[in-house]
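S.K.: Line by line, the protein sequences give chains A and B. The first sequence begins at 1 in our numbering and counts up by one. The second sequence begins at 1 in our numbering and counts up by one.
Among these hints, one or two may not hold up.
Which copy is meant is left open, so a pair is good if it fits within one copy or across any two.
Stated by the list, open to error - 27 Å max Cα-Cα, derived BS3-like pairs, lysine-lysine: (1) K227 <-> K253; (2) K186 <-> K170; (3) K253 <-> K128; (4) K227 <-> K35; (5) K124 <-> K244; (6) K227 <-> K88; (7) K165 <-> K298; (8) K254 <-> K124; (9) K13 <-> K227; (10) K186 <-> K165; (11) K181 <-> K165; (12) K253 <-> K35; (13) K13 <-> K128; (14) K30 <-> K309; (15) K298 <-> K3; (16) K309 <-> K13; (17) K2 <-> K170; (18) K68 <-> K225; (19) K227 <-> K66; (20) K254 <-> K63; (21) K68 <-> K2; (22) K253 <-> K124; (23) K253 <-> K13; (24) K298 <-> K170; (25) K130 <-> K165; (26) K88 <-> K13.
Derived by calculation from the structure, the hints in this document are not laboratory data. Source: prediction; values computed, not measured.
There are 2 protein chains.
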Amino acid sequence: MKKKVLLCHNFLKEGFESLEDDFELIYPDKQIFTKNDVIERIEDIDVLVPNFTFRTDAEIIDKGSKLKLIANYGVGYNTIDVDYAASKGVVVTNTPESVLEPTAELCFALILTAARRIGYYNNKLHNKEKLSWGIFDNLGLPIYGKTLGIYGMGRIGQAVARRAKASGMKIIYHNRHRLGKDIEDKYEAGYVNFDELLRQSDFLSLNAPATAENYHLMGKDEFEKMKPTAIFVNTARGSLVDEKALADALLNKKIFAAGIDVFENEPNIHPALLDLDNVVLTPHAGTTTYDGRMNMEKEVARNILNFFKGGTINRVN
Amino acid sequence: MKKKVLLCHNFLKEGFESLEDDFELIYPDKQIFTKNDVIERIEDIDVLVPNFTFRTDAEIIDKGSKLKLIANYGVGYNTIDVDYAASKGVVVTNTPESVLEPTAELCFALILTAARRIGYYNNKLHNKEKLSWGIFDNLGLPIYGKTLGIYGMGRIGQAVARRAKASGMKIIYHNRHRLGKDIEDKYEAGYVNFDELLRQSDFLSLNAPATAENYHLMGKDEFEKMKPTAIFVNTARGSLVDEKALADALLNKKIFAAGIDVFENEPNIHPALLDLDNVVLTPHAGTTTYDGRMNMEKEVARNILNFFKGGTINRVN
């Protein structure tokens, strides 16, 4: 009998073609399976594929008596109770390969868009509002020659650093663990503590996974420590930032601008951010390209195939 | 007696400090000198500093009987009758050094912003319009792995190529003259003819100066040859593009998106472009940063000093 894979989202079929011979793929007949839908079906399911917004909690894991693998569609797995899964012998995998370049790309795009005020200009022009073209009006900031501080210098952080270095930026970073000299040399990146990161960065980018420890890492005090000319970018997770404190910092020019892709209560954005013209907003779009979506599906499929047939999987628990 | 420098714009004084000992600097007491203002004053002027929108024509050059140098603030000198100036023994200089990185930076920012639909997302969110956050909704395009075609592979084109290569793009280019193998190798850039550039590029960026020959280089036929998934970026000069044809191509999905910083009749933009949500618009902002403006002034000042004292100048005629 074929193993059963429950997919929580009406994914593109093309990305899971490699599974069709050996697995029974169960897609929702609507856009998504809700938690109740999953609980109703989980009992004889071998593999659960949650998308990055679906919460896979202890209740679901308990009811999945045949569940062997939770193959997450996404790199962040803060939506999955990975420790509980481990205690029940259920493996959790994610998709770090496929999200790497698209997310670094969006992160770098937000750095540029916020610095050069492209969101502001574009909105003014499309809304047919008054905008001076004067030589010294509405000046933005360059990124060339400036210092980019990266909080979380993992694979995505390093992919951002590669782009930044080619664009003339100096790199500093903070991590739980300092990187090896070979990696630091590759990006000419200097290790600093978190306080120095806040104070020295002309641009500060969060590229760390969400954890209990970094909840509201960036609050009023942290934004106060930043330069008034600094630009803050978050493409990691919304829980790392106190959105109200960010909005206050932007309103009161404690920092110059921001580019924000992730929010604490998606799809809701703190209303104070919506009215500020010095923040560029995107709807958790780190991987929202056709290529990105397809590559994520293929990575999920590879994790599932290799889990059962042997081979490398991106195991996180 | 000190030589007299007439500055057509109320520039920041700081950038011209190096001239103060040896030159008399004449600034407008309002934002700019008009053509009439300049004609009234030009007779005993040694150096004219036009900004990049001021038109320095034969009439001004004729009236400037003591004029020795036109030290343009900007790299593009299509606003100056350089041949007529040469015939009268008047040297023209420009500021290629200082505009290089800021312009390449904006160009690359527009490539990213248009591809990843950041302008669209940002406007929808700030304007509080409906925007789906669904996994497969409003997909953009990645730049990673795609082909960037560069029309005009001079210094700015190469600075764009450097950023693009670090972001995983493949480079092709078209130029009047093919570059040396060393430069091609540096960017792994392939030379193609203009027709191939149009057909093969996933992204097409114009980085050539405006000339009589490239007036409306991009018209209906050229956009038709591009891929329907292609993105077009212009940070060069507005005269290279038929704006109506561009708007039609964007409206009819002949191309996917565009990022446009320069326009034929600045500060006016063809109204058809304003209503399209797949074009990112910026107000000739290639150098609109504080650092950029200051560096341009310092380069103008260096051209003036070196012209009289000996040393390198960026002469264009």
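S.K.: Now look at each hint and say whether the structure bears it out.
M.R.: Evaluation of the provided hints:
no.	hint	verdict
1	K227 <-> K253	within (10 Å within a copy, 43 Å between copies)
2	K186 <-> K170	both (12 Å within a copy, 22 Å between copies)
3	K253 <-> K128	both (26 Å within a copy, 23 Å between copies)
4	K227 <-> K35	neither (44 Å within a copy, 42 Å between copies)
5	K124 <-> K244	both (25 Å within a copy, 21 Å between copies)
6	K227 <-> K88	neither (48 Å within a copy, 51 Å between copies)
7	K165 <-> K298	between (31 Å within a copy, 25 Å between copies)
8	K254 <-> K124	both (23 Å within a copy, 26 Å between copies)
9	K13 <-> K227	between (48 Å within a copy, 25 Å between copies)
10	K186 <-> K165	both (10 Å within a copy, 16 Å between copies)
11	K181 <-> K165	both (17 Å within a copy, 24 Å between copies)
12	K253 <-> K35	neither (42 Å within a copy, 39 Å between copies)
13	K13 <-> K128	neither (42 Å within a copy, 33 Å between copies)
14	K30 <-> K309	neither (31 Å within a copy, 76 Å between copies)
15	K298 <-> K3	within (18 Å within a copy, 70 Å between copies)
16	K309 <-> K13	within (21 Å within a copy, 71 Å between copies)
17	K2 <-> K170	neither (53 Å within a copy, 42 Å between copies)
18	K68 <-> K225	neither (47 Å within a copy, 51 Å between copies)
19	K227 <-> K66	neither (54 Å within a copy, 48 Å between copies)
20	K254 <-> K63	neither (49 Å within a copy, 51 Å between copies)
21	K68 <-> K2	within (14 Å within a copy, 86 Å between copies)
22	K253 <-> K124	both (20 Å within a copy, 24 Å between copies)
23	K253 <-> K13	between (47 Å within a copy, 26 Å between copies)
24	K298 <-> K170	between (35 Å within a copy, 23 Å between copies)
25	K130 <-> K165	neither (36 Å within a copy, 37 Å between copies)
26	K88 <-> K13	neither (30 Å within a copy, 71 Å between copies)
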